[in-house]
Amino acid sequence: MVKVLLWGSLADLAGGAREVAVEAATLRELLDGLARDHPGLRPELDRGVSVSIDGRIYNDSWFTPIGPESEVVLLKRLQGG
Amino acid sequence: MSRIHVTTTVNGDATEFLCDAEATLLDVLRDELGLTGTKEGCGTGDCGACSVTVDGRLVCSCLMLGAEAEGREITTIEGMAAGDTLHPLQQKFIEMAALQCGICTPGILVAAKSLLERNPDPSEEEVRYWLAGNLCRCTGYDKIIRAVMETAADMRRAS
Amino acid sequence: MALDDTKKTKDFKVVGTRPNRPDGIDKVTGRARFGADMVAPGMLTGRILRSPHAHARILRIDTSKAEALPGVKAVVTRADFGDVPDHVANVIDNCMAGDKALYDGHAVAAVAANSAAVARKALKLIEVEYEVLPHVTDVDAAMKPGAPVLHEGWQQETVPAGYSGNVISRVEFGHGDVEAGLAKADRVVARTYRTGATHQGYIEPHACLATMSADGQGDLWVCTQGHYMVRNVCAAILGMEQGQLRVTASEIGGGFGGKTVVFLEPVALMLAKKSGRPVKMVMSRSEVLRATGPTASTSIDVRIGMKKDGRITAAFAELRYQGGAYPGSPVDMGSMSAFAPYDLENVKTVGWDVVSNRPKAAAYRAPGAPMAAFAVESAIDELARGFGLDPLAVRLMNGAKEGTRASYGPTYPAIGLIATLEAAHTHPHWTAPLGENQGRGVACGFWFNFGGDTCVSLNVTPDGTVTVSEGNPDIGGSRASMTMMAAEELGIPYDQVRTIIADTGSLGQNEVTDGSRVTFAVGLATIEAARAAKREMCKRAAMIWGIDEEAVEWEDGAARPAGPNAGKFPPMTIKEIAAVASNTGGPIAGHHEVTAEGAGVSFGTHMVDVEVDPDTGATRILRYTVFQDAGRAVHPSYVEGQFQGGAVQGIGWALNEEYIYGEDGILQNAGFLDYRIPVASDLPMIDTVILEIPNPGHPYGVRGVGETPIVPPLAAVANAVSAAAGVRMTRLPMSPPRVLAAMQAAKG
Chain A
7 MVKVLLWGSL ADLAGGAREV AVEAATLREL LDGLARDHPG LRPELDRGVS VSIDGRIYND
67 SWFTPIGPES EVVLLKRLQG G
Chain G
700 MSRIHVTTTV NGDATEFLCD AEATLLDVLR DELGLTGTKE GCGTGDCGAC SVTVDGRLVC
760 SCLMLGAEAE GREITTIEGM AAGDTLHPLQ QKFIEMAALQ CGICTPGILV AAKSLLERNP
820 DPSEEEVRYW LAGNLCRCTG YDKIIRAVME TAADMRRAS
Chain B
121 MALDDTKKTK DFKVVGTRPN RPDGIDKVTG RARFGADMVA PGMLTGRILR SPHAHARILR
181 IDTSKAEALP GVKAVVTRAD FGDVPDHVAN VIDNCMAGDK ALYDGHAVAA VAANSAAVAR
241 KALKLIEVEY EVLPHVTDVD AAMKPGAPVL HEGWQQETVP AGYSGNVISR VEFGHGDVEA
301 GLAKADRVVA RTYRTGATHQ GYIEPHACLA TMSADGQGDL WVCTQGHYMV RNVCAAILGM
361 EQGQLRVTAS EIGGGFGGKT VVFLEPVALM LAKKSGRPVK MVMSRSEVLR ATGPTASTSI
421 DVRIGMKKDG RITAAFAELR YQGGAYPGSP VDMGSMSAFA PYDLENVKTV GWDVVSNRPK
481 AAAYRAPGAP MAAFAVESAI DELARGFGLD PLAVRLMNGA KEGTRASYGP TYPAIGLIAT
541 LEAAHTHPHW TAPLGENQGR GVACGFWFNF GGDTCVSLNV TPDGTVTVSE GNPDIGGSRA
601 SMTMMAAEEL GIPYDQVRTI IADTGSLGQN EVTDGSRVTF AVGLATIEAA RAAKREMCKR
661 AAMIWGIDEE AVEWEDGAAR PAGPNAGKFP PMTIKEIAAV ASNTGGPIAG HHEVTAEGAG
721 VSFGTHMVDV EVDPDTGATR ILRYTVFQDA GRAVHPSYVE GQFQGGAVQG IGWALNEEYI
781 YGEDGILQNA GFLDYRIPVA SDLPMIDTVI LEIPNPGHPY GVRGVGETPI VPPLAAVANA
841 VSAAAGVRMT RLPMSPPRVL AAMQAAKG
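Chains as they are written, first to last, in the numbering used here: chain A, 7 to 87; chain G, 700 to 858; chain B, 121 to 868.
Hint data in this document are derived by calculation from the structure and do not stem from the laboratory.
All values reported here derive from a predicted model rather than from experimental measurement.
Where hints are given, some of them may not hold.
Stated by the list, open to error - In the SDA-like style, the derived pairs of lysine to any residue whose C-alpha atoms are separated by at most 20 Å in a straight line are: (1) Lys-9/A x Ala-199/B; (2) Lys-185/B x Ala-199/B; (3) Lys-241/B x Arg-702/G; (4) Lys-695/B x Ser-855/B; (5) Lys-521/B x Glu-77/A; (6) Lys-521/B x Lys-9/A; (7) Lys-428/B x Asp-726/G; (8) Lys-659/B x Val-700/B; (9) Lys-9/A x Arg-34/A; (10) Lys-9/A x Tyr-532/B; (11) Lys-220/B x Lys-241/B; (12) Lys-220/B x Ala-237/B; (13) Lys-867/B x Thr-736/B; (14) Lys-394/B x Leu-245/B; (15) Lys-659/B x Gly-683/B; (16) Lys-9/A x Glu-75/A; (17) Lys-9/A x Tyr-64/A; (18) Lys-185/B x Lys-133/B; (19) Lys-244/B x His-295/B; (20) Lys-133/B x Glu-794/G; (21) Lys-185/B x Lys-394/B; (22) Lys-9/A x Val-55/A; (23) Lys-659/B x Glu-670/B; (24) Lys-9/A x Leu-302/B; (25) Lys-264/B x Lys-133/B; (26) Lys-428/B x Leu-302/B; (27) Lys-220/B x Pro-190/B; (28) Lys-241/B x Glu-794/G; (29) Lys-695/B x Asp-615/B; (30) Lys-220/B x Lys-133/B; (31) Lys-9/A x Gly-46/A; (32) Lys-241/B x Cys-718/G; (33) Lys-264/B x Ser-701/G.
What the hints assert, rightly or not - Covered stretches of chain G, as calculated for chain B (at least 3 residues, CB under 8 Å): (34) 742–749; (35) 799–813; (36) 824–838.
Glycine included, each C-beta is placed from N, C-alpha and C at the ideal position.
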């Protein structure tokens with residue numbers, strides 16, 4: 007299981023937990039697992055999120071590997087200028 | 700509406716064109732004569748991207764009518780280099796990275812050349828005030844001011 | 121073959137030097153072609169009719185008189201676009217209003233005519249019947265229940281009850297217990313800060329030239345930060361297949377985020393489609409200011425608690441950003457970045473995305489971050505000065521470093537904040553004497569940096585020189601940087617490589633030039649494309665020598681036997697290999713397609729001295745120094761240029777620039793005379809100190825540098841002005857009347 011840190015207001019939508027555990031070995035499995043286990047997160051996931059894995063930020067790469075000890079943090083989808 | 704026939708000199712070449720009475724010199728240069736090196740950033744004389752010289756005087760070509768070019772000598776950025784030999788300001792701007800996007804560059808070069816023709820040894824403050832009518836949003840002006848000062852020094856040494 | 125992935129600084133031959141840029145001569149001679157510089161045979165001029173009202177229902181548009189005017193070839197309204205896919209619904213609504221005009225300057229119709237004069241006349245013949253509605257342009261007013269609501273039913277599930285429908289979303293970040301942390305503080309600063317909306321202020325107005333053929337093929341020439349984005353968005357709006365629309369990026373005369381979206385392009389294509397003629401559209405400056413992306417105006421509450429020794433015990437910020445007429449203000453990023461430079465046990469940010477009757481905010485250089493940094497860095501400065509502490513020492517004490525848990529969640533890898541603070545602390549600027557009415561300010565800033573979809577194609581010509589094709593408009597010297605990285609990797613001189621920006625038909629998808637991504641992501645792809653070409657050239661040399669590929673290595677522009685056992689062959693240069701390419705398997709190329717991730721966050725510290733005129737309240741910038749981590753500075757002159765340009769845009773935001781709306785909701789300063797960006801005589805030289813803490817996510821250690829420089833200056837200047845004026849300034853811009861009023865109020 008991978009521990010995923012949610013941002014404050016997202017936690018409210020996942021039943022109040024700031025950290026949830028998901029069975030996932032890749033970014034895609036992580037996002038699918040979150041949507042499946044925590045339907046309250048779906049609107050935000052559908053709007054798009056960025057994910058920090060061990061301090062590096064990923065937007066799109068589904069098959070980015072995630073280790074069981076990886077630090078995984080959900081972020082609002084990033085946009086630049 | 701009949702168009703006005705104008706006979707003038709542009710970058711040393713005898714030039715004729717027809718223009719509407721309300722057409723600016725900038726419109727004529729860009730749309731009639733194909734000299735698109737002169738840029739339009741505002742159309743109100745505030746940004747200096749359209750700087751040209753008329754009988755040696757620095758003007759915003761967006762504030763002058765095309766018809767007013769009759770009998771004048773117009774110089775634009777396209778007239779700055781001599782063939783494939785760049786003017787020292789042009790060369791220095793490239794070497795000192797005094798441009799980023801390059802849209803304000805023609806106007807700034809025309810204005811800076813005009814300054815150095817009047818004042819071959821300007822202080823930093825004089826360069827800054829002379830170019831205060833030429834907006835640049837990319838560079839913060841630092842490298843532009845340095846390039847003008849350094850060109851002036853080179854030209855003084857060469858003369 | 122053996123490839124060394126981790127080059128040492130001393131090994132670089134091209135990276136770190138300052139060659140002339142490849143587009144330099146074109147740009148100093150006027151030959152470079154920008155958006156408005158292109159013509160096509162039979163070209164028409166397109167113009168847009170804009171709403172004179174801040175908020176109005178469009179009851180009826182009658183275009184018949186305009187259509188009847190001789191010389192008018194097409195008139196377009198929203199009805200011409202029909203239904204569009206959901207993901208571009210707001211995009212087309214911003215380009216051409218639907219049921220309602222939502223801000224002063226909102227497009228409502230467009231014409232194409234055989235001259236600009238006819239087009240202007242035609243606009244006057246279009247009859248629009250409006251029902252004027254109440255409007256709101258202030259962020260705090262827009263949030264209140266009872267405010268005129270722009271869009272019914274758009275509020276997200278994240279917003280609690282009790283707010284107006286203009287509040288689109290709420291977001292919260294942080295960790296720890298803020299209230300408990302504040303209780304431990306020796307002093308708490310609690311203030312509300314406000315920033316005005318500013319425009320990116322690129323000198324080149326938006327411009328494009330569109331062609332649409334009856335068979336459904338389209339061509340577009342456009343100044344944009346992302347021509348692939350333009351293609352995809354326009355294709356969706358016009359119901360075209362992406363492959364049928366070829367978009368070519370012109371030279372771009374500044375963008376800063378403001379050219380990451382479309383405004384004219386779908387309209388120009390529709391006019392071209394209806395008229396069967398090429399249509400050129402160029403905005404006026406007032407159109408640029410009224411209808412293209414300014415940034416959000418903001419209202420921000422901050423509470424920070426500090427111990428007497430300077431340690432921050434807790435930090436809280438509530439950020440309210442109005443992003444104009446559609447959702448998507450950069451408040452999320454403001455909320456995530458606000459406290460990113462600090463190592464905090466207790467931290468929380470709350471962000472509110474609010475719509476109002478202003479043009480939709482577009483990205484502006486580190487979108488959302490400068491305003492948040494203004495509020496946070498001002499409060500930290502006030503606390504530090506209140507305790508008589510050195511503001512840089514306080515930041516060093518609390519600064520984030522490797523292993524710090526960021527306020528937005530992740531744990532930082534190696535980062536450069538402390539290096540910038542230490543460089544600032546030991547710089548002579550920090551201890552230089554100040555005179556009467558003068559003050560010094562410092563502030564830190566953070567930006568995420570991005571990667572994204574990127575394609576590069578590198579071709580070896582028959583004479584052994586190299587061309588690089590990339591898909592990101594060159595906004596500040598990136599062709600030079602790509603050329604340098606290709607030359608570095610191939611071991612050949614800079615002048616043996618030429619880089620071009622390819623059109624959308626030539627490469628796969630490329631993300632917009634944004635997020636400080638180009639030198640990082642396109643650089644990475646360029647290096648990988650060069651490595652692919654090197655592998656191919658080693659293979660060709662191996663064939664010629666009759667040895668194993670693995671026994672060949674590439675060094676200094678030539679294939680060489682990898683060791684004494686590989687055989688004794690003289691090196692084969694790229695020119696020699698290219699000359700016989702047709703005999704050894706065909707043309708030689710390398711290409712790389714990637715979704716670049718791992719961009720590496722960026723930090724900077726700015727220091728500024730100002731003098732405030734006690735009689736007028738006018739501020740003069742006396743000295744300015746930027747300290748920033750660049751990972752690896754590929755072309756140091758262009759890194760310095762980014763630092764300097766960002767700092768000066770921030771100075772403008774701090775001192776002069778602001779969208780001013782009247783009670784009628786009309787923009788009052790839609791020109792460069794009244795919307796005053798910094799000019800040369802306003803400024804001193806902008807000194808720069810480049811730190812290089814390599815980014816492990818890039819083969820050469822490159823980090824993006826373009827956006828971070830605009831984050832600290834708002835606060836740095838405000839801290840300096842506050843010190844000089846003897847009163848804390850909490851509202852931007854710090855125009856002379858505001859500063860004077862604050863000084864007089866402080867005196868009593």
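Do the hints match the structure? See the list:
1. Lys-9/A x Ala-199/B: violated (50 Å)
2. Lys-185/B x Ala-199/B: holds (17 Å)
3. Lys-241/B x Arg-702/G: Roughly 18 Å separates the two Cα atoms, so the pair holds.
4. Lys-695/B x Ser-855/B: Answer violated: Lys-695/B to Ser-855/B is near 61 Å, above 20 Å.
5. Lys-521/B x Glu-77/A: Roughly 17 Å separates the two Cα atoms, so the pair holds.
6. Lys-521/B x Lys-9/A: violated (23 Å)
7. Lys-428/B x Asp-726/G: Between Lys-428/B and Asp-726/G the Cα gap is close to 65 Å, so the pair fails against 20 Å, i.e. violated.
8. Lys-659/B x Val-700/B: Holds, at about 13 Å.
9. Lys-9/A x Arg-34/A: Holds: Lys-9/A and Arg-34/A sit about 15 Å apart, inside 20 Å.
10. Lys-9/A x Tyr-532/B: holds (17 Å)
11. Lys-220/B x Lys-241/B: violated (24 Å)
12. Lys-220/B x Ala-237/B: violated (28 Å)
13. Lys-867/B x Thr-736/B: holds (15 Å)
14. Lys-394/B x Leu-245/B: This hinted pair holds, its Cα atoms lying about 19 Å apart.
15. Lys-659/B x Gly-683/B: holds (16 Å)
16. Lys-9/A x Glu-75/A: This hinted pair holds, its Cα atoms lying about 8 Å apart.
17. Lys-9/A x Tyr-64/A: Given that 20 Å is the threshold and the Cα spacing comes to 17 Å, the pair holds.
18. Lys-185/B x Lys-133/B: violated (66 Å)
19. Lys-244/B x His-295/B: violated (57 Å)
20. Lys-133/B x Glu-794/G: holds (19 Å)
21. Lys-185/B x Lys-394/B: The hint holds at about 17 Å.
22. Lys-9/A x Val-55/A: It holds: about 17 Å lies between the C-alpha atoms, which stays within 20 Å.
23. Lys-659/B x Glu-670/B: holds (8 Å)
24. Lys-9/A x Leu-302/B: Violated, because 29 Å separates the two Cα atoms, which is more than 20 Å.
25. Lys-264/B x Lys-133/B: Roughly 60 Å separates the two Cα atoms, so the pair is violated.
26. Lys-428/B x Leu-302/B: holds (13 Å)
27. Lys-220/B x Pro-190/B: Violated, at roughly 30 Å.
28. Lys-241/B x Glu-794/G: Violated. Lys-241/B to Glu-794/G sits at ~47 Å, over the 20 Å cutoff.
29. Lys-695/B x Asp-615/B: Within the cut-off at roughly 14 Å; holds.
30. Lys-220/B x Lys-133/B: Given that 20 Å is the threshold and the Cα spacing comes to 59 Å, the pair is violated.
31. Lys-9/A x Gly-46/A: holds (18 Å)
32. Lys-241/B x Cys-718/G: Holds, because 18 Å separates the two Cα atoms, which is no more than 20 Å.
33. Lys-264/B x Ser-701/G: This hinted pair is violated, its Cα atoms lying about 58 Å apart.
34. 742–749: Held - the stretch 742–749 of chain G has 5 residues with a Cβ nearer than 8 Å to chain B, which meets the minimum of three.
35. 799–813: holds (count 8)
36. 824–838: Holds: 13 residues of the stretch 824–838 of chain G have a Cβ under 8 Å from chain B.
The structure does not agree with the numbered hints 1, 4, 6, 7, 11, 12, 18, 19, 24, 25, 27, 28, 30, 33 stated previously, though it agrees with the rest.
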